[in-house]
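> Sequence:
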Amino acid sequence: EQPIEGNVLALTKLAANTTLHDMSFINGAFKVDRTVRVKLNAQHPSNERWGFTSQEVSITAAPHSGDYSVQYEGTSITTLTNEVILGASSWQDDPTNLPLEFQFGYQMEYPDEPNRPSSPTFVLQPFSRMITLSTRALPPGIVQPVLWIRNKHGHIRRAYYGCNLNGETASQ
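Take 1 as the starting number for the sequence shown in this note's numbering and just add one per residue.
Simulated from the structure, these hints should not be mistaken for lab results.
Values in this document were obtained by computation on a predicted structure and should not be read as measured data.
Accuracy of the hints is not assured; some may be wrong.
Cross-link-like lysine to any residue pairs, in silico, SDA-like; alpha carbons within 25 Å at most [unchecked claim]:
hint, residue 1, residue 2
1, Lys152, Val57
2, Lys31, Asn97
3, Lys31, Gln125
4, Lys152, Ser65
5, Lys39, Thr53
6, Lys39, Ser58
7, Lys39, Val123
8, Lys39, Gly51
9, Lys152, Tyr110
10, Lys152, Gln125
11, Lys152, Val123
12, Lys152, Gly51
13, Lys39, Gly154
Please work from the sequences and hints to get the whole structure.
Okay, structure coming up:
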C-alpha cells in the first residue's frame with residue numbers, strides 16, 4: 001500500500017471539511033487498467049484520528065480499436081427511402097469489462113456555415129448488445145454517423161464514421 005505523494009485533496013473535487021456525501025477524483029488522478037485501494041481517514045476536529053475506511057477500485061479504460069461501418073445502396077441517400085445500415089465490429093476491451101453495448105446516432109454537419117454552432121447529437125438506437133442498426137430515418141443534409149461503445153463499468157468511447165479508430169487515439 002503506497003499513498004499518493006503530495007496533496008491528495010488536489011486529486012478530488014471536494015475540499016476538506018465538506019458535508020457532501022459524494023466525492024469524485026479529477027480526470028487522470030489514477031492510471032488506467034489498474035486496481036487501487038482508496039483509503040479515507042476521518043479525523044476529529046482536535047486532529048485525533050478516530051476512524052478510516054478503504055475500498056478497492058478497478059480503473060478501466062473505455063473500449064478501443066474497433067470498426068464502424070456505414071452501408072447503403074447507390075451513390076447517394078434519399079431520406080425516408082434508402083436503407084442505411086450502421087455497424088460496429090471488432091471492438092476490444094479487457095475480458096473483465098465485457099459485455100460491450102452499442103448506441104447508434106448522428107449529428108448534422110454544416111460545412112458551408114463555419115460560424116454555426118455544433119449540432120446536437122441524436123440517438124437512433126439506445127445502448128444495447130445489437131451491433132447493427134438499419135434505418136431510413138436519417139434527415140436531409142450532411143449527416144455524421146456517431147457510435148457509442150460502452151463496457152459493463154459504464155466507460156464509453158465515442159466514434160465518428162470516417163475517423164481513424166485504431167488504438168488509443170480513437171475519438172472520445
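> Is lysine 31 close enough to glutamine 125, meaning Cα to Cα at most 25 Å?
32 Å, violated
> Hinted pair, alpha-carbon criterion (25 Å max): lysine 39, glycine 51. Please report holds or violated.
11 Å, holds
> With the threshold set at 25 Å, check whether the alpha-carbon distance from lysine 152 to valine 123 stays at or below it.
20 Å, holds
> Taking 25 Å as the top limit, are the C-alpha atoms of lysine 39 and valine 123 close enough?
39 Å, violated
> Checking one constraint from the list: CA of lysine 31 to CA of asparagine 97, max 25 Å. Satisfied?
16 Å, holds
> When you check the alpha-carbon spacing of lysine 39 and serine 58, does it fall within 25 Å?
The hint holds at about 14 Å.
> Does the alpha-carbon distance linking lysine 152 and glycine 51 stay inside the 25 Å limit?
At roughly 33 Å apart (the allowed maximum being 25 Å), glycine 51 and lysine 152 break the hint.
> Is the hinted pair lysine 152 and tyrosine 110 satisfied, with a Cα-Cα distance of at most 25 Å?
35 Å, violated
> Check whether the Cα positions of lysine 152 and serine 65 lie no farther apart than 25 Å.
Holds - the C-alpha atoms of serine 65 and lysine 152 are around 17 Å apart, at most 25 Å.
> Could you grab the alpha-carbon distance between lysine 39 and glycine 154 and see if it respects the 25 Å cut-off?
23 Å, holds
> When you check the alpha-carbon spacing of lysine 152 and glutamine 125, does it fall within 25 Å?
18 Å, holds
> Does the alpha-carbon distance linking lysine 152 and valine 57 stay inside the 25 Å limit?
14 Å, holds
Hints 3, 7, 9 and 12 from the earlier list are contradicted by this structure; the remaining hints agree with it.
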